[in-house]
Every structure is written in C-alpha cells, then in structure tokens.
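Asks: In case you want the letters, here they are:
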Amino acid sequence: NAGVTQTPKFQVLKTGQSMTLQCAQDMNHNSMYWYRQDPGMGLRLIYYSASEGTTDKGEVPNGYNVSRLNKREFSLRLESAAPSQTSVYFCASPDRSSTDTQYFGPGTRLTVL
Amino acid sequence: DQQVKQNSPSLSVQEGRISILNCDYTNSMFDYFLWYKKYPAEGPTFLISISSIKDKNEDGRFTVFLNKSAKHLSLHIVPSQPGDSAVYFCAALPEGSTNAGKSTFGDGTTLTVKP
Numbered sequence: 001n002a003g004v005t006q007t008p009k010f011q012v013l014k015t016g017q018s019m020t021l022q023c024a025q026d027m028n029h030n031s032m033y034w035y036r037q038d039p040g041m042g043l044r045l046i047y048y049s050a051s052e053g054t055t056d057k058g059e060v061p062n063g064y065n066v067s068r069l070n071k072r073e074f075s076l077r078l079e080s081a082a083p084s085q086t087s088v089y090f091c092a093s094p095d096r097s098s099t100d101t102q103y104f105g106p107g108t109r110l111t112v113l
Numbered sequence: 001d002q003q004v005k006q007n008s009p010s011l012s013v014q015e016g017r018i019s020i021l022n023c024d025y026t027n028s029m030f031d032y033f034l035w036y037k038k039y040p041a042e043g044p045t046f047l048i049s050i051s052s053i054k055d056k057n058e059d060g061r062f063t064v065f066l067n068k069s070a071k072h073l074s075l076h077i078v079p080s081q082p083g084d085s086a087v088y089f090c091a092a093l094p095e096g097s098t099n100a101g102k103s104t105f106g107d108g109t110t111l112t113v114k115p
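If you read the sequences in order, they're chains A and B. Letter 37 of the first sequence, counting from 1, is numbered 37 in the working numbering, and no numbers are missing. Letter 69 of the second sequence, counting from 1, is numbered 69 in the working numbering, and no numbers are missing.
Among these hints, one or two may not hold up.
Taking lysine-lysine and the DSSO-like style, the derived pairs with C-alpha atoms no more than 27 angstroms apart in a straight line are [stated by the list, open to error]: (1) B:54 <-> A:71; (2) B:68 <-> B:37; (3) A:57 <-> A:71; (4) B:102 <-> B:56; (5) B:37 <-> B:102; (6) A:9 <-> B:68; (7) B:71 <-> B:54; (8) B:114 <-> B:68; (9) B:37 <-> A:57; (10) B:71 <-> B:102; (11) A:57 <-> B:56; (12) B:102 <-> A:9; (13) A:57 <-> B:54; (14) B:71 <-> B:56; (15) B:54 <-> B:102; (16) B:56 <-> B:5.
If the Cβ cut is set under 7 angstroms, some of the chain A residues that face chain B in the computed set are [as the list claims (entries may be wrong)]: (17) 8; (18) 10; (19) 31; (20) 33; (21) 41; (22) 42; (23) 43; (24) 90; (25) 101; (26) 102; (27) 104; (28) 106.
If you're looking for bench data, these hints aren't it; they were derived computationally from the structure. Backbone N, C-alpha and C fix where the C-beta goes; we use that ideal spot for every residue, glycine too.
Using the sequences plus the hints, can you model the full thing?
Replies: See the structure below:
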C-alpha cells in the first residue's frame with residue numbers, strides 16, 4: 001500500500017516547455033488535490049477533483065490544467081512553463097471518512113529556467 | 001490578505017523543553033483547525049486537529065489550544081525531541097466543510113530541537 005505517489009521527483013524545464021506531473025493513489029479515495037508550495041510559504045490549492053470525472057479550480061489555477069484519468073490518477077499539466085511556476089508540487093488525497101486525514105505524496109520539485 | 005498566519009518563521013528549543021508554535025487566523029468562518037508536520041523532501045503529514053467547539057485537544061506529547069475569541073491557536077510539544085525538528089503548518093477549514101483538502105494553510109514554522 002503505497003498511499004499517494006508522484007512522478008517525477010525532480011524536473012528542470014526551460015521557459016515555454018510543457019510537462020505533466022503524475023499522481024496516483026491506491027486508497028480508493030474519491031477526492032484528489034494538487035497544491036504548490038513556494039519557498040517560505042504554505043500550500044496553495046491549484047486544482048482538485050471531488051470524484052472521478054470532475055475537476056474544479058482552486059486558489060491558483062492559472063497556467064495549469066488537470067485530468068482525472070480514473071479514480072486512481074490525477075495529473076497536472078503545465079502547457080507553457082514560466083519561472084513563476086518554480087515550486088514544489090504536492091498531490092494529496094483526503095479520506096472522506098475523516099475530516100482530518102489527508103494523505104500527501106512526496107512532492108515534485110520543479111524548476112523553470 | 002492572508003487568512004492563516006504563522007508569524008514565527010522559525011523556532012529553536014532545547015531537547016526536553018516545551019515547544020510552542022503559534023497560529024492566528026482572520027476568517028471567523030473557520031471552525032476546524034489542523035496541524036501538519038513536514039520533513040524535508042517529504043509531503044506533509046497530519047498531526048493533530050481541533051474543532052471550534054473545543055478549546056483543547058491532546059494527543060500524547062502534542063496539545064493544541066484554541067482561543068476562538070482571539071482567533072488564535074497554538075501547538076504545544078512537551079517534551080520536545082530532536083525528531084520533532086520539522087516544518088509545522090497550521091491549516092483551517094471553513095464551517096461545514098468535511099474535506100481537509102480545502103484547508104487554508106499558514107506559511108509554516110520551522111522547528112529545530114537541539115540535543
């Protein structure tokens with residue numbers, strides 16, 4: 001039982017390049033979330049998916065797109081990366097049976113040059 | 001306007017002593033609060049929470065206190081251990097929310113516990 005996994009762990013992009021961050025959970029949760037954490041700051045919600053087939057914008061969605069491929073997988077795409085998107089990206093999946101329990105992946109450290 | 005504030009970016013304490021991490025919030029609609037702990041190169045992990053109907057919640061060495069009138073909460077760690085060295089995030093959920101995914105996070109406090 002791996003919980004929440006993310007790939008890749010590290011990525012360096014040039015401005016204008018595109019990439020997709022992958023996230024998968026094996027806990028059979030309905031919801032999945034993408035956050036970004038900038039240095040010295042808290043986590044900010046980019047997009048979330050309350051259930052398979054649905055996605056909604058969070059606090060900072062500009063420059064990103066998401067796909068809820070199936071119940072397990074939720075990907076985040078940067079179509080044209082910008083230096084302002086340099087950050088650590090976390091995928092998370094809350095446990096609906098508990099308000100408290102949200103499982104985070106290990107993060108993807110992205111640098112855009 | 002930042003709705004959840006952790007005004008101390010860092011805190012250093014001696015092993016065995018008490019660590020007190022503070023968090024203030026501005027949105028009166030928040031009624032459920034969580035603390036997360038984060039080690040380098042790992043995702044955050046849930047630590048402890050408190051509902052606004054309580055003023056204290058305790059779990060082993062960790063206690064969270066809530067002062068709703070002051071819109072302030074604090075996390076006490078007693079006794080502090082070197083393994084507690086991490087970044088601690090305060091997070092808040094609005095009234096009626098049952099999903100921790102929509103938490104509003106503070107910027108975090110880096111705790112260093114010295115042996």
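Asks: Checking against the hints above, which ones are violated?
Replies: 1, 6, 8, 11, 13, 17, 18
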